[in-house]
Every structure is written in C-alpha cells, then in structure tokens.
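Student: Given next are the chains, with one letter for each unit.
There are 2 protein chains.
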Amino acid sequence: MSRGRRPGETRTRDAILAAARERFARDGYDRTTIRGVAADAGVDPALVMHFFPAKEELFTAVIDLPEDVELAIERALHGDPGRLGERLMRMFVDVWEDPVTGPRMIGLLRSAASYDAAAARLRDVFDARILRRFAEVSHDDLRSDLVSSQLVGVAMLRYVLRIEPLASAEREALIAAVAPTLQRYFTGAIE
Amino acid sequence: MSRGRRPGETRTRDAILAAARERFARDGYDRTTIRGVAADAGVDPALVMHFFPAKEELFTAVIDLPEDVELAIERALHGDPGRLGERLMRMFVDVWEDPVTGPRMIGLLRSAASYDAAAARLRDVFDARILRRFAEVSHDDLRSDLVSSQLVGVAMLRYVLRIEPLASAEREALIAAVAPTLQRYFTGAIE
Chain A
1 MSRGRRPGET RTRDAILAAA RERFARDGYD RTTIRGVAAD AGVDPALVMH FFPAKEELFT
61 AVIDLPEDVE LAIERALHGD PGRLGERLMR MFVDVWEDPV TGPRMIGLLR SAASYDAAAA
121 RLRDVFDARI LRRFAEVSHD DLRSDLVSSQ LVGVAMLRYV LRIEPLASAE REALIAAVAP
181 TLQRYFTGAI E
Chain B
1 MSRGRRPGET RTRDAILAAA RERFARDGYD RTTIRGVAAD AGVDPALVMH FFPAKEELFT
61 AVIDLPEDVE LAIERALHGD PGRLGERLMR MFVDVWEDPV TGPRMIGLLR SAASYDAAAA
121 RLRDVFDARI LRRFAEVSHD DLRSDLVSSQ LVGVAMLRYV LRIEPLASAE REALIAAVAP
181 TLQRYFTGAI E
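Chains A and B are the protein sequences, given in the same order.
Following the working numbering, the numbering of the first sequence begins with 1 at its first residue and continues without gaps.
Following the working numbering, the numbering of the second sequence begins with 1 at its first residue and continues without gaps.
Simulated from the structure, these hints should not be mistaken for lab results.
Any given hint might turn out to be false.
Unchecked claim - Between beta-carbon pairs, the in silico distance windows are:
no., chain 1, residue 1, chain 2, residue 2, range
1, B, Arg129, A, Ser168, 30 to 36 Å
2, A, Asp40, B, Asp27, 30 to 36 Å
3, B, Asp98, A, Asp94, 51 to 57 Å
4, B, Arg171, A, Asp27, 52 to 58 Å
5, A, Pro66, B, Gly188, 33 to 39 Å
6, A, Pro45, B, Pro7, 34 to 40 Å
7, B, Arg11, A, Arg83, 56 to 62 Å
8, A, Pro103, B, Asp27, 38 to 44 Å
9, B, Gly188, A, Gly82, 49 to 55 Å
10, B, Asp98, A, Gly36, 37 to 43 Å
As the list claims (entries may be wrong) - Which bits of chain A does chain B cover? Going by a derived footprint, with three or more residues having C-beta under 8 Å, they are:
no., stretch
11, 7-13
12, 176-182
No experiment lies behind these values; they were computed from the predicted model shown.
Yeah, the Cβ is synthetic: ideal placement off N, Cα and C, and Gly gets one too.
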C-alpha cells in the first residue's frame, strides 16, 4: 500500500484513511463524501482526490485487508497439512484479538454486512485476499467458502455481537472446538 | 404477535412494521423516527405509539424472529438425535430460501451486524429464540453458540454477501457438507 512513498505522504494518506474509516462506519457508504472525509482529516478535498480519485477507491482502500493479516494467513497456510485447521484457527484468534487489527476487522465485517452499494467491492477484496489463497490449499472453491463461513460466523458471534459464552470462551477451548471443522472443510469428506 | 387482535388492527400493525423494517434498514437505528415510520405507513404517529410506545419496542418487534421460523426450529430439534445436524441444516436452507422469510432473515442479520445502539436487544432476541432452544438440546451453551456460529457464517456468505460458489451450491451438497459440523457441535467431541 504505502510502499515506495515518502514518509510525509504516507502519514497524510493514513490520516485520510483513518478519517474515511470512521465516516464510512458512522454514516454508511451513501452518506460519506470526499469533502467530509477531507474536513475530518484536516486536508483539502483535492489532496484526498490525489490519493483516491473517487469515493469508490477510498472505500476500497478502507476495506482492504491489513497487510499483517495477509502475512498471517500466508504463514498459517504453510506447514503440515494435517494441522492446517488448527494453525488457521490460532491465526484467526490472534488477528481478531489484536488491539490494532481486531477493531479494523470488526469494522470490515460490519461494512460487509451493511453497505449494499459496496457489496461487490467487498466480495472482490474477500475473494482476492482470502478465498483465493484458501482455495490454492484446498484445491476447491466450495471448501474454501466453507472454511470462511465458519470463521465469519465465529467472528460475528464472538467479536461483533459478543454472544456469551462464546465471546468469553478460552482461546484454547475455542481453537480445539473449531479447528477440526476447518480441517475437515480443507481436507476431509464433505459429501 | 398478532394473536387475539381484530383483523383491522393486525393489518395496521403489519403496515407499521413493514414501514419500520424499511426505515431501520435504510436509515439505521439512530436516524429512524416514529414520525417518519408513521408517515411511510400512512398513519398518525399516535397510532404507531399505541402499538409501540417507543422506538425501542418498534425495533424489537421488527427484529423479532418470524413465528414460522420458531416453529421450524422446534420441529428440527425433535427426532433422532443422531440426525439433528442434518435436520437443522435442512430447516436452515428452507427458511433462508423461502421467498417471504428469506428477505426478512437477511434484514435481521444485516441489522445485527450494523446497529450498535440496538446490539443488546438483538442479542436478547437471538438468545431467547434460538440459542436457548439449541442449548436445551445440546445441554451446553458453548455448543449451542458453535452451532449458531456455523449457521450465521453460511448465511453471511451465501445469502448476504452472495459469495460464489457457496451462493449457488446445490442445497443437498450444502446440507451434506455442513450437517456433520452441526452434529459434532451438538453431540460430538469438542475439546
């Protein structure tokens, strides 16, 4: 994302993204404007448009997966195929419970559920960054979707809705309960 | 809900609920007003308040689970415990693919993900109507949450985000893939 940019540019871009993230979450996609985001970030609208020519690009950048998460997924997918489910579930809990990444992931999931106008872009990001990688490992797109369905469901109940006792379940108990599901979707019988 | 009411009252109440459902979905919880809902339903705000004394009650009625769904859950939970996962998954697909119930369930899930102010009420409904019934069968609240997590995840990917190939997967293939997960969460080893 910010590779190859000067530090000042990166800081400005990050400030714009932070303001946009807040606006989209609070006002929804339709009501968010470049002008409003620029005001919140304390910059000129033209500067926002220098980085993001249109609201659509701004939104895509906001919902893009944090780089750390991509790397974490990459690491989890490598290693003993028989323990793939466990590694992935452990990575998942780490990412969602990280004080920086967690709230961003929650925002991303909420956006995914609520912005009609942007659903197609969200699907693209989800598809390119997560599902395609899962499918390279499972060699099957349906398996890859099933893995995601279980992870998205845990994220919704544990981190977004905070439903008990799942929200307070011990990490290791959660990993032990869900890892075999992921493992079966990746490598077991599904028909 | 409408039990014991005269047909005219039921029709009015249903019209108010339909208008409210639309407003909450479009404008979010905070921006929706009793006055606006009354205008959309073509009735006086006092009449809305006759049925629903405050916005909170209106919202609770909107997000309440359709009666048919409660009955369908009840039916799925009865019978051979060894095929519980399959019955529940079959019921789930029926409910979400029903032309009337399906769109209401999608609205409910979107609300659940996006309305911060109303998240507590949503948890209550979800807890009283679904999780408590699952827990009576599984004799364990964490198991019950795990079952829900898988169902909510499939609902998000297949019906809300419409991610392929899960969105177009054959009913029976989907049931065959997911039923064993639900069955294990209900009755299998989870640690």
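Student: Each hint: holds or not?
Tutor: Hints, one by one, checked against the model:
Roughly 22 Å separates the CB atoms of arginine 129/B and serine 168/A, a value that falls outside the hinted 30 to 36 Å. Between aspartate 40/A and aspartate 27/B, the C-beta spacing of about 21 Å breaks the proposed range 30 to 36 Å. One distance hint, 51 to 57 Å for the beta-carbon pair aspartate 98/B and aspartate 94/A, is violated here, with the actual separation near 39 Å. The hinted range of 52 to 58 Å is not satisfied by arginine 171/B and aspartate 27/A, whose Cβ atoms lie roughly 38 Å apart.
Checked against the hint of 33 to 39 Å, the C-beta distance between proline 66/A and glycine 188/B comes to roughly 34 Å, which is consistent with it. As the Cβ distance of proline 45/A to proline 7/B is approximately 55 Å, the hint placing it in 34 to 40 Å is violated. Our hint of 56 to 62 Å for arginine 11/B and arginine 83/A holds, since their Cβ atoms are close to 59 Å apart. One distance hint, 38 to 44 Å for the beta-carbon pair proline 103/A and aspartate 27/B, is violated here, with the actual separation near 25 Å.
A beta carbon spacing of about 19 Å between glycine 188/B and glycine 82/A contradicts the range 49 to 55 Å that was offered as a hint. A hinted range of 37 to 43 Å holds for the C-beta pair aspartate 98/B and glycine 36/A, which are about 40 Å apart. Residues of the stretch 7-13 of chain A lying with their CB closer than 8 Å to a CB of chain B number 0, which falls below the three-residue condition for coverage. By the rule of at least three residues with a Cβ nearer than 8 Å to a Cβ of chain B, the coverage given for the stretch 176-182 of chain A holds, with 5 such residues.
Hint check: violations occur at hints 1, 2, 3, 4, 6, 8, 9, 11; the rest are consistent with the structure.
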